[in-house]
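Colleague: Residues per chain, in single letters:
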Amino acid sequence: MTVLSLGIVRGLAGQLIGSALGIGVSVAVRVAMGLPLEVKEGAIVVGILVGAMGFMIGVGALTDWSKWMLGIETPLRLGPPEGKPSWTRYFGVDYSHKIIGIQYGVTSMVLLFLAGLLALTFRVELTTPGLQFLDNHTYNTIMSTHGIAMIAAMLVGVGAMANYLTPLMIGTSDMVFPRLNAFGFWINVPAALLIGTSMYVGGWDTGWTAYAPLSVNAPLGMQFVLLGVFLIGLSSILGSINVIVTVLHRRTPGMHFFRMPIFVWSVLATSIIAFSATQLIGLSFLMVSAERALGMTFFSPVLSPGAVAVGSPAGQVLLFQNLFWFYSHPAVYVFILPGLGIISELLPVFSRKPLFGYKWVALSSMAIALMGFFVWGHHMFTSGMLEGLRIPFMVTTMLIAVPTGVKFFSWIATLWGGKISLQTPMLFVLGAISIFLIGGLTGPPNGVSVSDLFLHDTYYIVGHFHAAMFGGFIFPFIAAIYYWFPKITGRMYDEGLGKLHFWLMTPGFWLQSLAMARVGLLGMRRRIADWDPGLGIETGQLMITIAGFAIGISMLIFLANLIISAVRGRVASPNPWQSRSPEFQIPSPIPEHSYAQPPVITGEPYDYAEPDSVYVSMSPASSAAD
Amino acid sequence: MSVATTTLSQYRAQLRSNRLGLWLFFISELFLFGGLLISRFYLWGGTRPDLDQRLGLIVTSILLLSSFFMYLAEVGAEHENRRLFLFSLIMTALLGTAFLLGVVIFEWGGEIRPWDGAFGAILYGMTGMHALHVASGIVLILIVAYNGLRGRYTAERHWGVEACAIYWHYVDVVWIFFYPAIYLMGTVPT
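So the sequence lines, in the order shown, correspond to chains A and B.
Just so you know, we're using the working numbering here: the first sequence kicks off at 251 and counts up by one.
Just so you know, we're using the working numbering here: the second sequence kicks off at 32 and counts up by one.
In isolation and in its complexed conformation, chain A is listed as follows (with noise of 0.2 Å):
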């Protein structure tokens, strides 16, 4: 075995080659044209984008289309690879939705922390005012890197747990178009380098919106970050386009929709978000790409003598707001939506209770995703949009309350009289409640045009962003990673590091996302590098800073107890939580194809009350091991 023999090796040297051949021929066709010798942004465009195409042929996610383009038949390959150790699975195109999940879920893992590591980077800085180790272009650099990052990160974590657990939960063997799913999780791949290489060339300091015409002005970095989101984007309209067909055609027989497990309502929503809404940020960064590499001026309101002989009128900024919003809210929901499925998910679990008014529930996640298309305006309140728009805005930015507010009930109900027991995923789960109502109650001010002419770009909206995204996304993953850690490795997790963990990680964030908040109120504007000491808010800065360093500590303990675990554990039985979930009646670690029989579903999913009731059916021949 050589390391060429690696799937993610081939596609690196994929990506370097094609960078360089697209930059090569781009030069070559400007000399051939008679224009001076030179490396213009639109060369550097298309050497970004053949890259990207290098990679994925590298790695070999286009492989069997290819072949199937020629003709040639291309059996789906399941199971360790022929001649090579079952780990490099893992670091090459692999079918398996299951190999695909923890793909996802480790690019998300190491998102993650680096993103984190340039949160505390910049956070040292903002201890103090006055700068101290930064200037202000590194400092917006790492500030802008550091947004998109997580963002990346929580979108590939996502698509860690539709991927992972939808095909296991719904009771099939696998996604539908399995080759699709490949090609979803490895465009991510030099996505995420692209992103990260915008450092190094320039920087960019827009945040991680990219407004324009900010984002038209700013340095090369920003063109690497326009087109890495683009090719994010990408990987989540495939994804999702399978998860819907997935749910929609797959389901296991007796599992009709509200026989669900409530998880996968909740990534169906998200993939209708995500597989139409995602268009439009793609288009819109697109468009800013273009206006920079070409000078098609979409969003400058500046005339050029050439506008002016052909009678144009100039681009508009608040159109790449608009644009740029209708996708980006929504995309609050794509993340927060898994999340606060897992939140129901894992409830009725460790309440031993049915989860309260499940059809509530299921339907409040359709419609957080329906109605999140129609509140994009409240980020623009202050942008000088038209004024008359700010009441319908606001009315349906304050309706969507409503469906989050079933969930809200429907998670307190459930637990009302259940018999608790505080293992760390239900810890978790409760921190996530805890932070998310933090970030919920955070949230109308700004959502209420009055008040959020106030705190517009101040850190109460940081504050606020980041508990919804911590309380929605974040704890709600890392509690169903402690969750389905003995269904994917066969293992248990350690629970005293684990409680560590939540003991530190969750005061941390409560204490990060108030004195955040606080700060704001007081007068610290988002994005800066330098503050006033005039403000009087060095305690509440020390604080946040404090908080940021508990929490990336607590996650390092995470970290060390996922791979000690999974190595060293003791070993779990098939079903450590007693959950009636379709996946826990099967070994761990999960066989090659899952079910051996399609399990048969002839009850409700949360009866937990009801010793008597069954849920899922197996046939006789499968409960022995594969």
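Just so you know, the hints here were simulated from the structure itself, not pulled from any lab data.
Be careful, since some hints might not be right.
Stated by the list, open to error - FRET-style restraints, in silico, Cβ to Cβ:
{"#": "1", "chain 1": "A", "residue 1": "Val558", "chain 2": "B", "residue 2": "Arg114", "range": "32 to 38 Å"}
{"#": "2", "chain 1": "B", "residue 1": "Leu51", "chain 2": "A", "residue 2": "Arg327", "range": "23 to 29 Å"}
{"#": "3", "chain 1": "A", "residue 1": "Met648", "chain 2": "B", "residue 2": "Thr221", "range": "45 to 51 Å"}
{"#": "4", "chain 1": "B", "residue 1": "Leu61", "chain 2": "A", "residue 2": "Ser701", "range": "35 to 41 Å"}
{"#": "5", "chain 1": "A", "residue 1": "Thr371", "chain 2": "B", "residue 2": "Ile136", "range": "32 to 38 Å"}
{"#": "6", "chain 1": "A", "residue 1": "Leu254", "chain 2": "B", "residue 2": "Gly140", "range": "54 to 60 Å"}
What the hints assert, rightly or not - Over 12 Å on every C-beta distance to chain A, these chain B residues come out as not near it, computed from the model:
{"#": "7", "residue": "Ile69"}
{"#": "8", "residue": "Leu74"}
{"#": "9", "residue": "Ile89"}
{"#": "10", "residue": "Val106"}
{"#": "11", "residue": "Gly140"}
{"#": "12", "residue": "Ala166"}
{"#": "13", "residue": "Ile197"}
{"#": "14", "residue": "Tyr198"}
{"#": "15", "residue": "Ile207"}
Note that CB positions come from ideal geometry on N, CA and C, so glycine has one too.
With the hints as your guide, set chain B onto chain A.
Modeller: Just chain B now, with coordinates in the frame of chain A:
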């Protein structure tokens, strides 16, 4: 596609999912083209650039006619009429190429350049994104024609032809919305 390894019932189950997947992809693309259309109305409002009306009418007619041949090709594949299938497929590719040349050589060869304000940006953005889809459609047609020549499609199993045909019609329908938005609506500023 893998003819020998799957039974007809397996093929049909996968076909059902493929169809749904393709239509979901179209709905997704609707947001892309819709976003461009909205940008056109946002930036151009009640104005439009001065374009060659004859050219617009000609390329639109060519594209509509190509959709008719694409339909014939699909009918040919369904009835295993190879002559009709291949002839119509080649006609579609030729008409598609004619459309593409009309856009790239004549429309883009006009007075307006991409960097000429919102007129240039939107004109090249919309026609460019559409042309990209037409070009990929022609590539798909050539792949289908290559496999068709080797007799790889049967009356029961021709998902490749079907997908290619729906895609072609879809790109055609997009142009039906783009054409009036670019050529007909609004007034030319004097």
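Colleague: Against this structure, judge whether each hint is valid.
Modeller: To see whether the hints hold, each was checked on the structure:
1. A:Val558 to B:Arg114: 32 to 38 Å: Hint violated: Cβ distance 56 Å, outside 32 to 38 Å.
2. B:Leu51 to A:Arg327: 23 to 29 Å: 25 Å, holds
3. A:Met648 to B:Thr221: 45 to 51 Å: Distance hint for Met648 (chain A), Thr221 (chain B) holds at roughly 47 Å.
4. B:Leu61 to A:Ser701: 35 to 41 Å: Between Leu61 (chain B) and Ser701 (chain A), where Cβ atoms are some 36 Å apart, the hint holds.
5. A:Thr371 to B:Ile136: 32 to 38 Å: Violated: the Cβ-Cβ distance is about 52 Å, outside 32 to 38 Å.
6. A:Leu254 to B:Gly140: 54 to 60 Å: 47 Å, violated
7. Ile69: 8 Å, violated
8. Leu74: 6 Å, violated
9. Ile89: Consistent with the label, Ile89 (chain B) stays out of reach of chain A, its closest Cβ about 22 Å off (over 12 Å).
10. Val106: 22 Å, holds
11. Gly140: The claim stands: Gly140 (chain B) keeps its Cβ more than 12 Å from every Cβ of chain A (closest is about 15 Å).
12. Ala166: 15 Å, holds
13. Ile197: Answer for Ile197 (chain B): holds, closest chain A Cβ roughly 15 Å.
14. Tyr198: At roughly 14 Å from the nearest Cβ of chain A, Tyr198 (chain B) sits farther out than 12 Å, so the non-interface label holds.
15. Ile207: 20 Å, holds
Checked against the numbered hints above, the structure breaks hints 1, 5, 6, 7, 8 and satisfies the rest.
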